[in-house]
Structure formats: structure tokens, C-alpha cells
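Q: Protein chains in written order, with the numbering used here: chain A, 1 to 297; chain B, 1 to 142.
These are calculated hints, taken from the structure and not from any lab test.
Don't take each hint at face value.
Said to hold, decoys possible - Just a sample of chain B residues kept apart from chain A, beta carbon distances all over 12 Å, derived: (1) 57; (2) 59; (3) 114.
As the list claims (entries may be wrong) - Keeping only pairs whose Cα atoms sit at most 25 Å apart, straight-line, the calculated DSS-like set for lysine-lysine is: (4) 27/B with 225/A; (5) 275/A with 127/B; (6) 124/B with 225/A; (7) 28/B with 275/A; (8) 275/A with 27/B; (9) 52/B with 225/A; (10) 119/B with 225/A; (11) 111/A with 147/A; (12) 111/A with 52/B; (13) 111/A with 27/B.
To be verified - Output of the computed footprint for chain A on chain B, the stretches with three or more beta carbons under 8 Å from beta carbons of chain A: (14) 20–28; (15) 39–53; (16) 65–77; (17) 87–93; (18) 99–108; (19) 117–124.
No experiment lies behind these values; they were computed from the predicted model shown.
Glycine is no exception: its CB is placed at the ideal position from the N, C-alpha and C atoms.
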Amino acid sequence: MSSTTTAQQTKWWNGGRSPFNVEYGKLMMWYFLMSDAFTFGAFLISYGTIRFSQNFWPDPNVVFNAFPGTGHINLPLAFVSVMTFILIASSVTMVLAVHEGHRSNRQGVIKWMLWTILGGIAFLLCQAWEWHHLITGEHAVLADGNKIELIGQTMGGNPWGKLIEGSAVTDALKNSSHHTLVHLAHEYPKPEVATTAANLDGLEKMSAGQLIGMIDLAHAHIREKGPIAFGGYFFGITGFHGFHVFSGVIINIIMLIMTVKGVFDRKGHYLMIEKAGLYWHFVDLVWVFVFLCFYLI
Amino acid sequence: MSMEQHAMSEITFHHHVPGDENVKRIKKTFWLLSFITIIELGMGFSIYFIHKDPDYSHGLVLGIKGAIVILSLAKAFYIVSIFMHLGDEIRNMIMTIAVPLMLFIWFIAAFLWDGNSYKNLRNKYDKHFEERTIEKKDTGGH
Numbered sequence: 001m002s003s004t005t006t007a008q009q010t011k012w013w014n015g016g017r018s019p020f021n022v023e024y025g026k027l028m029m030w031y032f033l034m035s036d037a038f039t040f041g042a043f044l045i046s047y048g049t050i051r052f053s054q055n056f057w058p059d060p061n062v063v064f065n066a067f068p069g070t071g072h073i074n075l076p077l078a079f080v081s082v083m084t085f086i087l088i089a090s091s092v093t094m095v096l097a098v099h100e101g102h103r104s105n106r107q108g109v110i111k112w113m114l115w116t117i118l119g120g121i122a123f124l125l126c127q128a129w130e131w132h133h134l135i136t137g138e139h140a141v142l143a144d145g146n147k148i149e150l151i152g153q154t155m156g157g158n159p160w161g162k163l164i165e166g167s168a169v170t171d172a173l174k175n176s177s178h179h180t181l182v183h184l185a186h187e188y189p190k191p192e193v194a195t196t197a198a199n200l201d202g203l204e205k206m207s208a209g210q211l212i213g214m215i216d217l218a219h220a221h222i223r224e225k226g227p228i229a230f231g232g233y234f235f236g237i238t239g240f241h242g243f244h245v246f247s248g249v250i251i252n253i254i255m256l257i258m259t260v261k262g263v264f265d266r267k268g269h270y271l272m273i274e275k276a277g278l279y280w281h282f283v284d285l286v287w288v289f290v291f292l293c294f295y296l297i
Numbered sequence: 001m002s003m004e005q006h007a008m009s010e011i012t013f014h015h016h017v018p019g020d021e022n023v024k025r026i027k028k029t030f031w032l033l034s035f036i037t038i039i040e041l042g043m044g045f046s047i048y049f050i051h052k053d054p055d056y057s058h059g060l061v062l063g064i065k066g067a068i069v070i071l072s073l074a075k076a077f078y079i080v081s082i083f084m085h086l087g088d089e090i091r092n093m094i095m096t097i098a099v100p101l102m103l104f105i106w107f108i109a110a111f112l113w114d115g116n117s118y119k120n121l122r123n124k125y126d127k128h129f130e131e132r133t134i135e136k137k138d139t140g141g142h
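Turn these sequences into a full structure, and let the hints steer you where they fit.
A: In C-alpha cells form, the structure reads like this:
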């Protein structure tokens, strides 16, 4: 190595060579990801603090039990496992893209980047469905201690409190709105009135007493309201993670375009793909903990 | 001297695993992560059935949750070490990332302790809170 090269390199790293044997940008990506880990960590720990301060917290198996196109069938954790496998798979395709980059194989990088982008988009679509389902769901809860209301899982309400049964339910049904009773009779009819209950127009014309008689209370799962903090933390943290996935997809699309245009071939290396890869793997890494804290435990 | 040449000259030696072996290692890690995830899902799902018993063992549920946490940490290790290739970097560089992350040990312990303490104090001094939220039979939650 000539002395002029050494002199120039001193501007980058004192000593003439990288002590970590790694490119500056890649090292800085690592430090950015470390700081981002603390951001996510702080959010999750804050959620943990609130959760530890509560006597009751909803069981994730009860909250996350829906799957697209299956209606009311109880499928705990099924959809989120699909989301998790999509993310793991897209992490593998990303690491394969990085691998092809090491070998300067442009076609290989393009192929695996495409799969990675598709995986990211698929994950975002899944999350959109999940949020929509939670927010627009109509779950029967005991409100103000004396009537049944239908609420979704939002920032302002949590329908996953303790199950209530017996006289508390029958009393509350008498005070509930006609709309609520129609909904309950339609969704949870006793087997012998199932055909009558399928006709919404017919239900609308019935009296409250008739409707109450049709509701199968064992299946209606009427609950108290749960801890209100659940919604803010769930939507806040999965939203922040989803935003990372979204920006990761954008970064990957830019990387794909640069690859197709031959930018990295002209540069002589695919380090940019490696850095985008680090970010993408980090998104997968964060999901491990979001998945753990919200869905598994 | 261009940026790119600088970037490359910062790397004085390459420590890449040979091509085929690298792909093999990636695939192995993928199956390992999938396997751990399935185990985790099975354990998480089992809590659903344990909750159905009104007199379920809280210690058992806590034990299952602890095991899931350990499995998740294993997953995190494999993602960082193999997929992000941190395991292939120089030890000193790994330490500049791993050592600051030790802060999490205090961070998690202190704040969970704090939340738990708040709960205990409220249960002691705010009986309405306790009666309203403490677990009764057949709750469907935990």
C-alpha cells in the first residue's frame, strides 16, 4: 500500500485501515439499527409496565382468533402465524439476494429482491386486514354496568374483558338497544331459530322480548370491557413496525431499480444491497419481539 | 479517489463463507427459525386450553411464557448472527453493538418491577380497583 493511499485513508479511519474491517456506511447502519432497537425496546417495555400494573389482561388467543374468509370460526393465532412465516420467508430471500450480490450476479439479486418485495407487500396487506377486522368488529360488552353494547377493538375501547354470565347478562339485555339485540340474535341464534334469525329484515320487526328469547347466550361471549391501554399499545407498536416494513419495501424497490439499471455493477460491489438487507432483517428481528409480546404471551 | 474505491479499501480482508456452504447455512437457519416458531405457536396456543380450567396453575402458564421468551431470544440470535452476518464480523465490532444492548437488562427489569409495584400498591389502597379487576372464576383471560 502506497503512502499516498494511507494519507488519504486517514481521513476515514485513523490508522490507515478500518479497525472493524467493514465499510463505514455498513457500520453506521448497524449503529442506527442499535438505536432503533432501543426505540422499539422502549415502546415494548412501556407496554410491559402497563401490563404488569393490571390485574387483568386479555388472552391473545381470544383477541386474535379470526382468519380471512372463515367468518366466526375460532382460529386462535392462525392468521398471525401466516404473517410470521411471510416475514421469515422474506428474510431468507433477502439474505439470498445479499449472497448473490457477493458473487456480483445481477440476475440473482434481481430475482431475490423481487421475492423480498412481494413478501413485504404481502405482510402489509395481512396487517391491513387484521387492523380492519379488529377495528370494525362488533363485540358484545357490558357497558355502564347495565346494558350490552357492540364495540370494536379501537384506541378508545377494548371488548376483551372478563366473560360475564347469568343474571348480569339477562338484566343487561333488557336495557340494550334494539340494534344490539338484532345483531346478537342474528349472529348467535339458538339452533332451533337459526333459519328465522338469518332473515335480518324479519328480526328488525321483532320486539325486544322476542329477540332476547332467540339469543344463544352460551355462544354470544358477552364480556366486560378490558384494559383500555391495550388498543393504543397494539396499534402504536404494530403500526410503528408496519411503518418500518413499509419503508423497507420502499428501500428495497429503490435497490431493485438500481440493480436493474446496473448501478452496482458499475460501482463494482453490491454493498448497498447488504445495507438494505441489514435493515430488512432488523424488521424481521423486531417482529420476533412484537409477535412475542402481543400474540404469544 | 472515488467513494467506491474508499469503500472497498476499508475492507482489508474478506471473511465470507464459500458460496454453497453459505446457502446451506441460510437454508438450515430458515428451517430452524420455522421450527422454533411452530413450537412457540404451539406453546402459546396451549395457554388457551389451560385457561379453560378455572383452577389452572399460574406457575405453569408463567413457565410456558418464560420458555417462549427464551425461544424468541434464540430466534433473535440466529437472525442477527446468520442473516445479518454479525457472527462473521470482527469481535471488537460485535462488542460495540452487543455491550450497549446490555442496557436492556436493567431497562426491562426496572420497568416491569415498577409496573408490578404500582399494581400491588393499587390493590392495597384502592379496593374498588381490586374488586373490579381481580380474577374470578371463568374469566377467559388470565
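Q: Does each hint fit the structure? Answer for all of them.
A: Hint by hint, here is what the structure shows:
no.	hint	result
1	57	15 Å, holds
2	59	15 Å, holds
3	114	6 Å, violated
4	27/B with 225/A	45 Å, violated
5	275/A with 127/B	54 Å, violated
6	124/B with 225/A	23 Å, holds
7	28/B with 275/A	23 Å, holds
8	275/A with 27/B	21 Å, holds
9	52/B with 225/A	20 Å, holds
10	119/B with 225/A	19 Å, holds
11	111/A with 147/A	57 Å, violated
12	111/A with 52/B	48 Å, violated
13	111/A with 27/B	17 Å, holds
14	20–28	holds (count 4)
15	39–53	holds (count 8)
16	65–77	holds (count 6)
17	87–93	holds (count 4)
18	99–108	holds (count 6)
19	117–124	holds (count 4)
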